[in-house]
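> Sequence:
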Amino acid sequence: MCILDRYLLSRSVTALVKTMLSLVCLFVLIDLLTHRRPDIIKYGVPWYIVLRYYAAFIPEVLVKYQVAALSVLISALLVLGQAAQHNEVTAALSGGISLRRLVRMPILVAAFLAGGVFVMGETLGVYAARDAHRIVNRYFSKNPYRERSGISWANLSGRWTCHIGKFNRLALTGEDVVLYGSSGEVFERIEARRIFWDETEKQWLLEDGRWLEFHPDEDGHPTLHQRRITQCPAPFTEPPTHLFAWDAPPELKTTRQLADDLAYAAARGVPVANRRVHYHAKFSQPFLCFVMIFLAVPFAMRLRRGGVAISFGVSLAVALVYLVVFASGMLLGDIGRLPPPAAAWLGNIVFFGAGLVLFARTPT
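Position one of the sequence shown corresponds to residue 0 (numbering that gives the first Met the number 0), numbered consecutively onward.
No lab work stands behind these hints, which were simulated from the structure alone.
It is possible that part of the hints are untrue.
[To be verified] Straight-line distance between alpha carbons at most 25 Å, and here's what the computed SDA-like set of lysine to any residue pairs gives:
id : residue 1 : residue 2
1  : Lys-201   : Leu-223
2  : Lys-201   : Leu-257
3  : Lys-141   : Arg-35
4  : Lys-281   : Cys-24
5  : Lys-281   : Phe-26
6  : Lys-63    : Val-12
7  : Lys-201   : Lys-141
8  : Lys-165   : Gly-208
9  : Lys-141   : Gly-208
10 : Lys-63    : Arg-274
11 : Lys-141   : Tyr-53
12 : Lys-281   : Arg-301
13 : Lys-281   : Ala-262
[As the list claims (entries may be wrong)] Estimated spans, in silico, between C-beta atoms of each pair:
id : residue 1 : residue 2 : range
14 : His-224   : Ala-326   : 49 to 55 Å
15 : His-85    : Leu-355   : 35 to 41 Å
16 : Lys-201   : Trp-245   : 42 to 48 Å
17 : Leu-31    : Tyr-179   : 46 to 52 Å
18 : Ala-359   : Leu-31    : 41 to 47 Å
Note that the Cβ used here is the ideal one computed from N, Cα and C, for glycine as well.
Let the sequences and hints guide you as you build the complete structure.
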């Protein structure tokens, strides 16, 4: 590593850390004043809980809200733009150092950050997101798991479908239960007053109902057979962790857990196209840190006299355009107009291609 590499490495890392801290603090302040403040006042949330929540919220800010990638763009514009303003870039190019060689360290810093963001999202980020989710449910709102709303489960084992009129997710109990399924020419329907999860037996139990079976007779007319239910196991075997796996947002799971959910859902015949999009987004979002450096270099060379204001304005414009392209790709993937990998990577592909073209055309 030569003196130039050490110089740019030091400036890039310093500017990146300062920019990231500033943007995280700004994001937290805006979220506190515009989003969480009414709930904090309404529910009397202690200040240490608020601090704990925002500490757990930081990884999500860096990854999901792309603050890490925006920090790469802003810091690179500042460092390289200042180097161009002070004629450091001109001196290096006059000395026979190519632009590709000159920006090697900022590119390596961006690549290292992209890998670090992905690893953080798979480890600390998941646990922090779960902690933030628990804090929101416990302190910032009425616990949604105590509400007794209806729920339905389709494509269960044995080809059963279950509808529950009132279900308590906290206690894992429900009322007004209706199940129906078919096997060959036999159609079955179960009506029960109550269903609950038995943790000891690891199964769902039905209480106070009846089990109806409709068999075709010799003439093809349905014949009814029924039996009374006092208490019996439900005809499906899925545990609560599988039934509620689809309800948890993607940021609460690792890519391995999402892959397991996708495989399990596909085996049950559940549509998984939209979830596959979010699975691939787990990889595409951290990679944006690497993409942004290829936009920062050509902009820094062209806006060398702009200073901080121009750099921040360009960064904001690029970020807004990226969010539009990324959201459009995710939407097209959710509705099946694009394959999940293409939908999740659309923004990166467009911006990486644009960055490479601008980088190649940068005057030296």
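> If a hint holds in the structure, say so; if it does not, say that too.
Hints and how they fare:
1. Lys-201 with Leu-223: violated (31 Å)
2. Lys-201 with Leu-257: Holds, at about 23 Å.
3. Lys-141 with Arg-35: It holds: about 14 Å lies between the C-alpha atoms, which stays within 25 Å.
4. Lys-281 with Cys-24: Within the cut-off at roughly 24 Å; holds.
5. Lys-281 with Phe-26: holds (21 Å)
6. Lys-63 with Val-12: holds (22 Å)
7. Lys-201 with Lys-141: Violated, at roughly 29 Å.
8. Lys-165 with Gly-208: holds (16 Å)
9. Lys-141 with Gly-208: Since the Cα atoms of Lys-141 and Gly-208 sit roughly 33 Å apart, the hinted pair is violated (cutoff 25 Å).
10. Lys-63 with Arg-274: holds (16 Å)
11. Lys-141 with Tyr-53: Satisfied, since the Cα-Cα distance of roughly 19 Å is no more than 25 Å.
12. Lys-281 with Arg-301: This hinted pair is violated, its Cα atoms lying about 33 Å apart.
13. Lys-281 with Ala-262: Given that 25 Å is the threshold and the Cα spacing comes to 17 Å, the pair holds.
14. His-224 with Ala-326: 49 to 55 Å: holds (54 Å)
15. His-85 with Leu-355: 35 to 41 Å: For His-85 and Leu-355 the Cβ distance comes to about 27 Å; the hint is violated.
16. Lys-201 with Trp-245: 42 to 48 Å: violated (20 Å)
17. Leu-31 with Tyr-179: 46 to 52 Å: Between Leu-31 and Tyr-179, where Cβ atoms are some 49 Å apart, the hint holds.
18. Ala-359 with Leu-31: 41 to 47 Å: Since the Cβ atoms of Ala-359 and Leu-31 sit about 43 Å apart, the hinted range of 41 to 47 Å holds.
Comparing the model with each earlier hint shows violations of hints 1, 7, 9, 12, 15, 16; every other hint is respected.
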